[in-house]
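A.B. asks: The primary structure of each chain is shown beneath.
There are 2 protein chains.
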Amino acid sequence: MDKEKPLILVTNDDGITAPGIRALIEVMKELGDVIVVAPDSPQSGMGHAITISDTLFCEPVTIKENYKHKEFSCSGTPADCVKIATQEILHRKPDLCVSGINHGSNSSINVIYSGTMSAAVEAGIEGIPAIGFSLLDYSLTADFEPSKKFVKAITRKVLKQGLPKGVVLNVNLPKLQSSEIKGIKVCRQANAHWEEEFDKRTNPQGRDYYWLSGRFVNKDKGEDTDEWALANGFVSVVPVQFDLTAHHFMDDLNNWELND
Amino acid sequence: MDKEKPLILVTNDDGITAPGIRALIEVMKELGDVIVVAPDSPQSGMGHAITISDTLFCEPVTIKENYKHKEFSCSGTPADCVKIATQEILHRKPDLCVSGINHGSNSSINVIYSGTMSAAVEAGIEGIPAIGFSLLDYSLTADFEPSKKFVKAITRKVLKQGLPKGVVLNVNLPKLQSSEIKGIKVCRQANAHWEEEFDKRTNPQGRDYYWLSGRFVNKDKGEDTDEWALANGFVSVVPVQFDLTAHHFMDDLNNWELND
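Protein chains in written order, with the numbering used here: chain G, 1 to 260; chain C, 261 to 520.
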């Protein structure tokens, strides 16, 4: 590979054949040398799962004829893909890891459940600058064209500036035409959540089972949030950390005198 | 149920029959009315996975004869268990959710991969005070007796004081005898990580596969970390938040002028 070009690891959680990762690969090929290690099947909602009680397969695949031997299909989770890419395929850290473009939002609390973001976070833990990209359109026929210029602009900045240790980016893109997108906005994660609903059914053997569904509830009206930005036509960029310590509560907790 | 007693939801990621959850149930029965909704099989390393592409089963089980109709076995992840418990079984929020006692550490970066902590975080997202407990002993025959008094003391404080919105507790217990444990220490998450190693093998059909393993590396020598506390004979308590925004990097990121 050309030593002047950055080495970019591309992964996702919708699986290696998803249109979203194809769009991301196209953009990344303009910016560096690309290697793809992605799940062989959809992994949405996998959070930061890793495969520790089962075997992993990871093999070269050819999705496009003109791009062979640089794509690997992995039986594991998005986080597994990043681990196996650096250890077994590249034998070194890539210069950047990008994940997505996810078919569907990973804004606000969705970052917690997101396989897309777990890949970016895993890369971050390993000290690799990383970005997760998600388009607010769940459809398999989603139009990724309007996203591309923003994906490219943000990636370029990260390649140039780097990211501080312990921080990755969570980028969400509104489902709008290029001309309708107002720009890029740095945001905080909105304080929103899902109100679960379970659809209870009975199988042919008479056993009850459930489908998880739910309703997204955002009571955070802050104009500095990702939800606000997306609802108002902006691309949202949230810097995400994986030191989960609630530092603001340490003093109070110390005052609890847990040893009394 | 007695209205004066708090309603405590107990779950875990090692599965409903694991000795760790049995020990936790015993302690919680002394503090309130207990309901158990836990995975039907081990879910370690599941992170914050949720089941959105498959059906869920959740049925009453009797693990101990003197304790029937209050335990439910669920085919899903720890986060699923919390969701289904509040929505379909309790039809209300419990007063507390405890998860564990995990067979093995969930200190430092392990919080990210932890099914035990994902249940606690899910409860926290739903506004339920929550604690994850883990013992630094992976063995199925681990001795949970020395942990019990610390589990009880911390739970009592949380029942009394509550927890601020957006914060849950990650409690890890050293593998020591009662007399050797020095006390409880409030800590920050150590900045540690895993260096992956993949054990590559070939199956009888000639196809290569991998087992994920790794080596835990802690370069964070801070005496205010959970790793330090555990190595020095303390029970560690880390307050954990699920607003992942890296607030300290917002200003810098704004200076990148992403729209130029």
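Hints were generated in silico from the structure; no laboratory data involved.
Ideal placement from N, C-alpha and C gives every residue a C-beta, glycine not left out.
Among these hints, one or two may not hold up.
Some chain G residues near chain C, calculated using beta-carbon distances under 8 Å [what the hints assert, rightly or not]: (1) Ile-52; (2) Pro-60; (3) Thr-62; (4) Lys-64; (5) Val-167; (6) Phe-216; (7) Val-217.
A.B. asks: Evaluate each hint against the coordinates.
C.D. replies: Results for each hint:
1. Ile-52: holds, 4 Å
2. Pro-60: violated, 11 Å
3. Thr-62: Result: violated, 17 Å to nearest chain C Cβ.
4. Lys-64: violated, 24 Å
5. Val-167: Holds. Min distance 5 Å.
6. Phe-216: This interface hint is violated because 12 Å lies over the 8 Å limit.
7. Val-217: violated, 11 Å
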